[in-house]
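Q: Chains as they are written, first to last, in the numbering used here: chain A, 1 to 269; chain B, 1001 to 1289; chain C, 2001 to 2419.
Hints may be right or wrong, so weigh each one.
Below, in silico cross-link-like pairs of lysine-lysine (DSBU-like), each with a Cα-Cα straight-line distance of 30 Å or less [to be verified]: (1) B:K1141 <-> C:K2387; (2) A:K123 <-> C:K2030; (3) C:K2164 <-> C:K2149; (4) C:K2073 <-> A:K123.
Between beta-carbon pairs, the in silico distance windows are [stated by the list, open to error]: (5) B:Y1008 <-> A:D165: 22 to 28 Å; (6) C:E2307 <-> A:L246: 40 to 46 Å; (7) A:A9 <-> B:R1198: 26 to 32 Å; (8) B:P1045 <-> C:K2342: 45 to 51 Å; (9) B:Y1127 <-> C:E2351: 35 to 41 Å.
Don't read these hints as lab results, they were simulated from the structure. From the three backbone atoms N, C-alpha and C, an ideal C-beta is built for every residue, glycine too.
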Amino acid sequence: MKPENPILAGLALVAGLLFLSPVLYSIWMSFQTVDAYYAGELGFTLDNYARAVGQYNFARYLLNSLIVSGLVTLLGITFATMAAYAFARYSFRGGNFLFAATVATLMIPSHISLIPNYLTLAKVGLLDSYAGLILPAISNGFAAFFLRQYIRGIPKALDEAAYMDGATSLQVLWRIIVPLSRPAIASMALYIFITEWNNYIWPLVAVGKQDLYTLQIGLARLYRINPGEGLIDWPLVMAASTITILPVLLGFLLVERHLVRGITMGAVK
Amino acid sequence: MLRKLTPYLFVAPLMVFIALFTYIPIFASLNLSFREWNFLSPDMPFVGFRNYEQLLASRDLWNSLWVTTLFAVLSVPLRLGLALVIAAYLVRETVHVRLLRGALFLPSVTSTVSIAVVFSWVFSTDYGMVNAILGTFGLGKVQWLQNPHLALWVLIFVNTWKQIGYDIVIYIAGLQAIPRELYDAAAVDGGKRLHVFRRITMPLVMPTTYFLLVISVIEAFQVFTIVNVMTHGGPAGATDMLVNLLYEIGFVLFDIGRGSALAVLLFILLVGLAILKSRIIGRKVHYEA
Amino acid sequence: MSQKLQTTIAASMIALLASMGVAEAATTVKFWHSFNKSNGEALDKVIAGFEAANPDIDIEAEYVGNYNDIIAKLQAAIPARRAPDAVILEVTRYGLFANNNLLTDLTPYFDADPLKDDLYDYAREVGVIDGKNYVVPFNSSTPVLYFNKDIFARAGLSADTPLKTFDEITAAAKTISEKLGSEGVSGIAAPGQFARWGLVMANDSEMVDPKTGEILLDKPNTIEAYQWMASLVKDDKVSSPDGVTDEDNGRDAFLAKKVGIMMNSTGNYVGAKKALGDNLAVRPMPCNKACSVPIGGAGIGIMSTSEKDVQDAAYKFISYAASPEANATWFAGTGYLPINKKSAALPVAKEALATQPGIDVAIESLPVAHGRARTTVVTWMRTTEYKMWEAMALGQRNVEETMKDFAAQTRAEEKRVSN
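Kindly produce the complete structure, drawing on both the sequences and the hints.
A: Here's what the structure looks like:
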């Protein structure tokens, strides 16, 4: 790395803060009382968070988002890895066709399945359940495609040595392929998690019960019903918004490098 | 025997879910698009192409196509142009560059609903941040989201703000793949910075540009969240993008037949774009390897 | 010792059985409604009163959103079989559900209920389609004209300024906008859909003929009324476009003392009174060409998909909600019209009438209040009207051309839903 020019570093800092200022300001606003906000005064309160979590059920929404995104990631990455392994290591009848069908899902807009999926899940009584939120999001063609490319880069000799030692194909997957693909799997898991965390249109139509709202739905609705008598209670809305941003924000700070690497690996393929 | 079955067992879970929630719904949508249904009546009569005819004759569809195209045509070059310039600056690996990159990248992984809500405030008429800033310069209040001529620009701005970090990161990866020797050679020839940018950087990141171009156009045709939260397609249809129209027809008016017909049209349009993408990328990407 | 033990065991057995008995008898009624803020508090009181009187019935109330939200969510709930048992339905938009056999005909319940004779005719009538009673009114309303006396005074307008005709309202609104515009105060809130319908009626016309179901959106008087409403926003600029894209914005701005005049449901009375105090004044809606106001609000219907015993319990709740005690509490807590002839005589209602000036304006306009069409297509028409209104009020489309197009589309839609 080159030595730092303090002026440039300062400018970069200012530019970054300026760029993020709407979000930073919204976080700051979430600590103001509504009266102080409209009067243009300064204050500090945690009351907005207390109300968002208590009266407006955001603790529950946070839990729902964690459960849904967590399970979608776990199942999604498991299924994608298994399929990627088969596509990378086996040649089997119909394999090319199935792989093509997997890759083709990248081109298919998800919105075409909105109404049919609603009706399917309605028929089996799974709307208004975690399963209804999770099942349609599990299959991830991109992750399967991406991991397949990655696994193909792992020398086959490693598999063969393991088979010689009497390993089963499942053991090869678990002991050889998964450990060696860890960075790719981690980036894909992150990608799936973030996509699902921010998923909006499906939970919007699939969930009617408030107890099953995800953070996105809860926040959009809170904004829409305009809490507060008269003027909108922006500080409360911003507290809810901050709760919605925060987990991803914290996660981002921890794993930014993985994320960036994952995204660029996917793009420049 | 078991050995032969192994790969099928490995792909089965993924394939089952892809079939159930991606491929079968395409046929289900096609079927529904020839029917008349509102969720309430017990039967759904076959009506032939009537839903398509009504859709194609409706003002809303053409307005929506126009708005969506406008959004794509205005926002994509803006995003890519800005992203390339910024990426060219941020390609060097220093601490402050990393910080700035992080800041720019952050919105692209953050909740779209949160961003839409925050920017609803930023652009709100009486207490918004933008009008407050304009006010300090003695300028009057602008009705950003209530003015049909401005609302789409606001959405373009918000979408650009959110997505540009992603474009920048991709561009940086593309730029880092350009061999240094080329720049060194240009420096020896005494090339001016702008000249180098135009003659070396731009052509050599072309593959990246194509990639970003196509995915951001496809993305533009699927924008929904910011519209649903910030404008509901208004004012007066000025931001009524295609997926918003689909949602309104399907889940507000519950015209399931017409909604499905629109879904099918959207599908044809986007698959068409995607095929075009693979053609273009297949032909133009030489540099990458 | 052993006797004591026996007694204890016996007692606990009895307690256990008793609790099981209660658990079995308890019926839960899922109820979707549209009331939050001060109206939500008033509803909570009504529900608490009912549950105290009927300990074996549990009302599981959920605030779903406004009337539009309820319609949309209910329609989505049908194929998913997750509809509630009882639901608040706006009085022009339940036809869609009634005509698809999704609402229970309440006539047998109603005929056996002494409540029948206590309800005002105007209120009872709005729940009937083709002789069948599908909803029992809960929150009936008419639009009224509210204004802020303080804003009037600051703009140099007397509290007796005439506000009978469209021109008079424009004139007052212009004065306010001119005098107080620099303070961020605008003349009049853009009329919401209920007020728009009222203004069409005040111009001696209708959206849909309540008797024949004929679509009247392109009648000259309807167009003229829309031209006037749109002019408030686009030409005279006395209404903020904020209230066009979201009609609640107009009301919220009035409550925040940023707007001089607002035409809106009388159901906003108590909320407005809380916000404005003595500065709130209430007048009847204008009579531009005719004195006629729509009866709005909503009734409670019971879904035909619910179990019979749940329907019975739901009807008990409906009947209670329309009873003099509940209705008086509701009237005093919200400003919605009394629907029960006996409510006005109760102390809580009397006190409200005595201490809340203007709460009776809606009651006094009842002689000119009329029920509206509730055919299947009205739901579609009202959903689509928002888009049309935005286009006209924001100057995107010519009013006459838009209303003609809107009428044609509505006729086409009517043909579609009727075959």
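Q: All hints are to be evaluated individually against the structure, with a verdict given for each.
A: Do the hints match the structure? See the list:
1. B:K1141 <-> C:K2387: Cα-Cα ~24 Å, so holds.
2. A:K123 <-> C:K2030: The given pair, whose Cα atoms are some 21 Å apart, holds under the 30 Å limit.
3. C:K2164 <-> C:K2149: It holds: about 17 Å lies between the C-alpha atoms, which stays within 30 Å.
4. C:K2073 <-> A:K123: 17 Å, holds
5. B:Y1008 <-> A:D165: 22 to 28 Å: Holds: the Cβ-Cβ distance is about 25 Å, inside 22 to 28 Å.
6. C:E2307 <-> A:L246: 40 to 46 Å: Holds - the Cβ-Cβ distance for C:E2307 and A:L246, about 44 Å, lies within 40 to 46 Å.
7. A:A9 <-> B:R1198: 26 to 32 Å: 29 Å, holds
8. B:P1045 <-> C:K2342: 45 to 51 Å: 49 Å, holds
9. B:Y1127 <-> C:E2351: 35 to 41 Å: 38 Å, holds
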